[in-house]
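Asker: Following this note's numbering, the numbering of the sequence shown begins with 263 at its first residue and continues without gaps.
The reader is advised that the hints may include incorrect statements.
[What the hints assert, rightly or not] Below, simulated SDA-like cross-link-like pairs (lysine to any residue); rule was C-alpha separation at most 20 Å, straight line:
no., residue 1, residue 2
1, Lys378, Lys338
2, Lys312, Gly346
3, Lys372, Arg341
4, Lys311, Lys338
5, Lys376, Thr364
6, Lys338, Tyr267
7, Lys322, Val343
8, Lys276, Lys378
9, Lys311, Lys322
10, Lys366, Gly340
11, Lys276, Leu321
12, Lys338, Arg274
13, Lys376, Lys338
14, Lys348, Gly380
15, Lys322, Lys348
16, Lys348, Leu321
Calculated from the structure, these hints are not laboratory results.
All of these numbers come straight from a predicted model, not from anything done at the bench.
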Amino acid sequence: MVNDYLSDLVIRIKNAYLSHATELVMPWTRTGEAVCIVLVQSGYLTSAKKTEDGLVLVLKYNKKSPALTNIRRISKPGRRVYTGIKTLPRVLGGLGMSILSTPKGVMSEKEARKLKVGGEILAQVW
């Protein structure tokens, strides 16, 4: 049993890209699916589908190069990181993105700025 599902999701995605896998199967959770949908919308994953086996993620490559360079978990169970809209950090000067859990759902940093809402920074991707 995994205590921190999002950390497990982040490290499995990172390891799958490092091993040049084409797809990845994860146990399904609502938050995990929401994070993967944000990654699909941002162009870091090809697709994320819920099946009987769990959540199937299809990884995206550009000419054999991973679409995702790195992904890092920010807020952890022992140290939650919250931010308001004014203090929302930019990842690599805008080249990357943050994934936030807000009162309006899980969304990218760009969407949060548009809706003017802050929340918990779940992960950063570049």
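Asker: Now tell me if each hint is right for this structure.
Answerer: Hint by hint, here is what the structure shows:
1. Lys378 / Lys338: Roughly 24 Å between the alpha carbons, so the hint for Lys378 and Lys338 is violated.
2. Lys312 / Gly346: Between Lys312 and Gly346 the Cα gap is close to 32 Å, so the pair fails against 20 Å, i.e. violated.
3. Lys372 / Arg341: violated (24 Å)
4. Lys311 / Lys338: Violated, at roughly 25 Å.
5. Lys376 / Thr364: holds (13 Å)
6. Lys338 / Tyr267: holds (10 Å)
7. Lys322 / Val343: violated (29 Å)
8. Lys276 / Lys378: violated (30 Å)
9. Lys311 / Lys322: Holds - the C-alpha atoms of Lys322 and Lys311 are around 14 Å apart, at most 20 Å.
10. Lys366 / Gly340: violated (24 Å)
11. Lys276 / Leu321: Given pair Lys276, Leu321 holds - Cα atoms ~10 Å apart, limit 20 Å.
12. Lys338 / Arg274: This hinted pair holds, its Cα atoms lying about 16 Å apart.
13. Lys376 / Lys338: violated (25 Å)
14. Lys348 / Gly380: Roughly 8 Å between the alpha carbons, so the hint for Lys348 and Gly380 holds.
15. Lys322 / Lys348: violated (32 Å)
16. Lys348 / Leu321: violated (33 Å)
This entry does not satisfy hints 1, 2, 3, 4, 7, 8, 10, 13, 15 and 16, going by the numbered hints stated previously.
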